[in-house]
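Peer 1: If you want the building blocks of each chain, they are given just below.
There are 4 protein chains.
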Amino acid sequence: MVAQWLETLLSRDPLAPRRAKFYRWFIMLAVVAFTGETVLDTVPGIFGAWESVVILADRLFLTVVAVDFFVRLTAAWLSSARWQAVVGYVFSPFGLFDLIAFAPVALSDLLGWPHDVDTAFGILAFLKLARYSPALETLGAVLLSEWRPLLSAMFIMALLVLFTSTVLYFVERDLNPGMISIPHAMWWSVVTLATLGYGDVVPLSALGKVLGAFVGVLGLGMFALPASILASGFTEEMRRRNFVNTWHLVAKVPFFAKLQAAQIAQLAALLKMQRIISGEVLMREGDDADCMYFLISGQVQVSGPAGTFVLKAGDFFGEIALLQHCQRTATVSALTRCQVLVLDARDFQQFTDKSPEILATIRATAQARLSQGEEQTS
Amino acid sequence: MVAQWLETLLSRDPLAPRRAKFYRWFIMLAVVAFTGETVLDTVPGIFGAWESVVILADRLFLTVVAVDFFVRLTAAWLSSARWQAVVGYVFSPFGLFDLIAFAPVALSDLLGWPHDVDTAFGILAFLKLARYSPALETLGAVLLSEWRPLLSAMFIMALLVLFTSTVLYFVERDLNPGMISIPHAMWWSVVTLATLGYGDVVPLSALGKVLGAFVGVLGLGMFALPASILASGFTEEMRRRNFVNTWHLVAKVPFFAKLQAAQIAQLAALLKMQRIISGEVLMREGDDADCMYFLISGQVQVSGPAGTFVLKAGDFFGEIALLQHCQRTATVSALTRCQVLVLDARDFQQFTDKSPEILATIRATAQARLSQGEEQTS
Amino acid sequence: MVAQWLETLLSRDPLAPRRAKFYRWFIMLAVVAFTGETVLDTVPGIFGAWESVVILADRLFLTVVAVDFFVRLTAAWLSSARWQAVVGYVFSPFGLFDLIAFAPVALSDLLGWPHDVDTAFGILAFLKLARYSPALETLGAVLLSEWRPLLSAMFIMALLVLFTSTVLYFVERDLNPGMISIPHAMWWSVVTLATLGYGDVVPLSALGKVLGAFVGVLGLGMFALPASILASGFTEEMRRRNFVNTWHLVAKVPFFAKLQAAQIAQLAALLKMQRIISGEVLMREGDDADCMYFLISGQVQVSGPAGTFVLKAGDFFGEIALLQHCQRTATVSALTRCQVLVLDARDFQQFTDKSPEILATIRATAQARLSQGEEQTS
Amino acid sequence: MVAQWLETLLSRDPLAPRRAKFYRWFIMLAVVAFTGETVLDTVPGIFGAWESVVILADRLFLTVVAVDFFVRLTAAWLSSARWQAVVGYVFSPFGLFDLIAFAPVALSDLLGWPHDVDTAFGILAFLKLARYSPALETLGAVLLSEWRPLLSAMFIMALLVLFTSTVLYFVERDLNPGMISIPHAMWWSVVTLATLGYGDVVPLSALGKVLGAFVGVLGLGMFALPASILASGFTEEMRRRNFVNTWHLVAKVPFFAKLQAAQIAQLAALLKMQRIISGEVLMREGDDADCMYFLISGQVQVSGPAGTFVLKAGDFFGEIALLQHCQRTATVSALTRCQVLVLDARDFQQFTDKSPEILATIRATAQARLSQGEEQTS
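Chains as they are written, first to last, in full-length UniProt numbering: chain A, 1 to 378; chain B, 1 to 378; chain C, 1 to 378; chain D, 1 to 378.
In case anyone wonders, no lab produced these hints; they're calculated from the structure.
Remember, it's a predicted structure, so these values are computed and weren't measured experimentally.
Don't take each hint at face value.
As the list makes no split between identical chains, a pair holds if one copy fits it or if it spans any two.
Straight-line distance between alpha carbons at most 20 Å, and here's what the computed SDA-like set of lysine to any residue pairs gives [stated by the list, open to error]: (1) K312 to F97; (2) K312 to T331; (3) K312 to L270; (4) K272 to F214; (5) K272 to R148; (6) K272 to M238; (7) K272 to E146; (8) K272 to L143; (9) K272 to F163; (10) K312 to E237; (11) K272 to V244; (12) K272 to R346; (13) K21 to Q339; (14) K272 to A66.
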């Protein structure tokens, strides 16, 4: 029972009980506060008379972070796998981040290590937040799959830095104190090619300025390469992850259950998952229609000429406006937290082309809803 | 009657009477002038001897802005919904912007509040322009749909700023007055990662410069992420809005009336709406052909071998050159303001593949026009 | 006869006689030299003892530019349209650029206007080069078709500049001489949002730096919008122009003559035009194959196991490696300047799917060539 | 025999013996160390007492680089082509880079040329690394295929620099020592348009700042053009190269042997090559499935309910989860270095649509594996 309580406490399912969300935000705030305090602490005398209060708060945050580690350790121990789960947790990246977030600082306090060690490890505590953001994981996947073009771009950059700094060194070495050696000129070269332009080293001779102008323009093109490789890799990876998520969601909807796996893959590419908070209005009667919805979890309330009724997980809505190319015929709002799959008007035809049986079901439902509305209003 | 006059005055329909356009531009100019005056007013003595004139103009602009609010309030009151429309207007974002644009400044003048309040609220008046630009709305939609990847990118950025500033702090704290604490080093770190490079803080030691160069290059890649996420989200949202607009336009054309909603969605993805001013020449006889047009509103004049005739909303033109792969056979110019849907040569085949009945109509019309031209010239 | 000689002299057709190319380069060099001289002339005493020589050269360049105008005027006069062509030329943008390039400077010299007028108009002569680069035209088309999103982006930028400068002004006005008024703070704001970072105005207070850091990051995202809108518009416009060019080229090839216009549009989207200089080697026996070629103009020589033969405009080559998925079976080099349409291996299947009759022709030709090669070698 | 040994030593095939890899890394390190020493050598007294050691190391690296040249020369001589191969090597770009990397420095040492010559040629040695990175070749291909839009962008930039610097020169020439002539103002203009913003020249007058702000914003848009042209060209070229590589790999797999060349081209566009190191785990039982694999070379071990077995080049795996839309049913790890072709879940349907015979084979294999598993576990 304790095991189950802990499991739901640590759960990241959007449908988990409310305490999971509170616990998550509590830990996140503690980590941010702890890191923030470590950063500010390097400014001498910043806390003034409040120093003792801040130190106390700091200890408190550290305790919270430590407790979180032991909560997770206990949850692992209470799972069916026991020792294996504990070891698996401690040596996973997230487990290591949890440990690093408090152990070294505590140790350093106990053993009286210099304050710098505290600072360095306090900063590392920020990594604990990686658990709540898939960004680092995504970035890792991108770096892994794009390391070849990135390396190519790095090689071109290295060549550019090397050659431009050598040329500027030969031109300006006798008159520019910032270019008295190639390594000095390299600092200028990187600052220019990265379009930083600190201005601490600037070509001084006319020839140096002409060459420097070319280097600046060159940099725009060449240094844009890794940026665009990373950006497109990141976008691609996000899309890929969304596809796999949607793919698994679609398979769970009873409505799509009779479809073959290959068909599901096609539909998943067209649908987009969206989270709706309780009370949010998804469409208003009379609005222009640009999509329809499949309800994955939660409940929505439909109010229209056919009266008010409630839709549950597995139902769909918003199809009438797409089928008849008219404006919304009802207002739909969320009664609980919901997950919906959104199908754009643009993709509707492609979707129904690929699964005519689904189109038939949607048509029949729309027909039933409309005739119900007519009875009601007549 | 007043209600209708006000409605057309405030209308944004491109086919509304001319006074709507004048009123729109008048309000926009008043807002820009009022904001401009507020901005310039912070420069001491900038208006010199003209100060009294400027203050008078300022009052005038403020009055215009206030009158606009009451005009819109009256228009709401005169609509069928009465109180509901009035409340709806005042509490809509645009209504609030209209109110904020003049009420606080007027109040502050009445109650003798400090001049700073005038300045701050005068700047806010600029938001009134949001009504005339869909940009803010689009931006909001983008931030809403892309907040997840943006948050991921923000987390990576925060990590980068935190770690790079900590490292530089440890390397340079004893010799660089700009890096005497981690917060100080963070200023350098953000300025470098954003490729700003003010140059007020610069690494001074050799090791600091080597690390700083890496940070500069890193920044190019990492800080490009949010830029590209926002840029692609913005482009996608603009396209989506255009699609929905075109979708509704297509449905209004009698020519497309017999099509099913799903077919309309397909066509809408291929067509692009374009506004033409009166007198503009759409094509010239002998030009290379790259598209055909469907006329949504307004009138165009066609002058060719078949003589001169006028086309009205619902007609199409420019199809002969696409069907026969030849140069333009007539010159077409707009007689009035027009809206046309443009179909690129590249998409013509895809378009007619998806609706063979439309191709038949286009073919028949082209045939009729050509034979008419032959009779005329023979 | 003079008319024809002038016409070929001014022709930009890649197959025009050699003197057209020489004349083009001669005019371009004269314009660049003239503009360069005007620019350098603003540096006092830069030419030293050579001043009189430079002035002479300047006069010479001016004469060349003037003669070019009269040559073009004569060519227009000698055309069949006479006065109409002359007026059309003088009032076309390129005609105006030609006139502006020399007339005001000459006039200013005659009437003894101040030297500044010479400088200003000398710089404008550079516009004469626009004739030889389609860039300005393309840019105009992009600005025309993308002015709506660009205006939206401008509005967001204006909002950002206005609000960030107001905030920083209130924070720093008393301590920062660079932010003593909102217009002063706007200079900082633009310099920061454009990621320029001159460093002449920098926030000085802690709060100002925190806010400034946010502005810097914000700028990365917001100011990337117009850049990406322009960049994608430019790319799209270039592709569109290439499509129309290819479309007209395809229609001229006898091989594609029997196709319908709609099919040509499909093929044109897959083919890419490429210019080949005389002597260039297009493929070498044994190379990996990634495309096939259709010869539009010029001649190529094929050397393989089947001996050496010459292909002329309308022929195709490189198809065997694509059909049999093997390496190149012959070496092909250009005997004259050529224009070819390139079809990528990736698009080959799509191409032949859409026009099976062409595939049949290609197959038959490949078969004939192979059996010929076997006879030869056996 | 020596010839074969040398050939494998210099081979870049990922399946070549281990000594090839060691030799490759050895040469790369020697080149990097040699270039690094040359760069650092320009800092007076940087090596201090170690100077003699460094000079010795430098000589050693130079010898290694020289030996590499002669090894490659010998390998060329020992090939069947003899003299032709030797000449071909020496006059190939890579051969020239190999020669330049040591010959001029050695010559300069022998003849006592000034030290600057050593430095300049020592930097050029870095080009020897080009052999190990396809980046330079790719960049060359991009510049070749995109020179037209790049030239267009350059022309617009030149116009911008010319006009903005002229305007600022007229506005600020009397008060700004950095804008006393147009060439001086051009330095500011380039630094601003490239968003460098050194801050050494900054507009000083109010009008100059207003114009400068516009130039800064303009620069963002205009200078983004070449960056995005290059970036998209680079990405396209990488994709093209990958396609051709995959195309040749697919043709080698016996499983795809019965397909026609055109079908192979279609499949190649969907598959992605990936290198796997020995011991790497490709999938774990219970994981979410998002792709299937075709094994090109090497061996993998499959452990699942059907026991443990080994797959060899030509086999495929991971298909069950895609066909049945379930989680992974087995764990797969690499026994040797492997090359696999990856097929995403998203593209699976498209893939099997285009080659139904392959789908039948995959289905049959999956069925056999599953029934084997049931026998095993029952």
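Peer 1: Give a verdict on every hint.
Peer 2: Do the hints match the structure? See the list:
With identical chains, the CA atoms of K312 and F97 are never at most 20 Å apart, being 40 Å at best within one copy and 39 Å at best between copies. In this homomeric assembly, K312 and T331 come within 20 Å of each other (Cα to Cα) only inside a single copy, at 16 Å, whereas the closest approach across copies is 38 Å. Neither within a single protomer nor between protomers do K312 and L270 lie at most 20 Å apart by alpha-carbon distance, with minima of 22 Å and 36 Å respectively. Proximity of K272 to F214 under the C-alpha cut-off of 20 Å is found in neither arrangement, the shortest distances being 46 Å within a copy and 31 Å between copies.
Only between protomers do K272 and R148 lie at most 20 Å apart by alpha-carbon distance; the minimum there is 14 Å, versus 31 Å within a single protomer. In the homo-oligomer, the alpha carbons of K272 and M238 lie at most 20 Å apart both inside one protomer (12 Å) and across protomers (18 Å), since each shortest distance falls under that limit. In this assembly of identical chains, the alpha carbons of K272 and E146 lie at most 20 Å apart only when taken from different copies (12 Å versus 26 Å within one copy). Only between protomers do K272 and L143 lie at most 20 Å apart by alpha-carbon distance; the minimum there is 16 Å, versus 26 Å within a single protomer.
Within a single copy, K272 and F163 get their C-alpha atoms no closer than 48 Å, and across copies no closer than 35 Å, so neither meets the 20 Å cut-off. For the identical chains of this complex, K312 and E237 are neighbours neither inside a copy (32 Å) nor across copies (30 Å), given an alpha-carbon limit of 20 Å. Taking CA atoms no more than 20 Å apart as the test, K272 paired with V244 passes in both settings, with 11 Å inside one copy and 18 Å between copies. For a Cα distance limit of 20 Å, the shortest separation of K272 from R346 qualifies both inside one copy, at 13 Å, and across copies, at 14 Å.
For the identical chains of this complex, K21 and Q339 are intra-copy neighbours only, at 17 Å inside a copy versus 44 Å across copies, given an alpha-carbon limit of 20 Å. Proximity of K272 to A66 under the C-alpha cut-off of 20 Å is found in neither arrangement, the shortest distances being 38 Å within a copy and 44 Å between copies.
In summary, the structure is inconsistent with hints 1, 3, 4, 9, 10 and 14 from the numbered list given earlier, while agreeing with the others.
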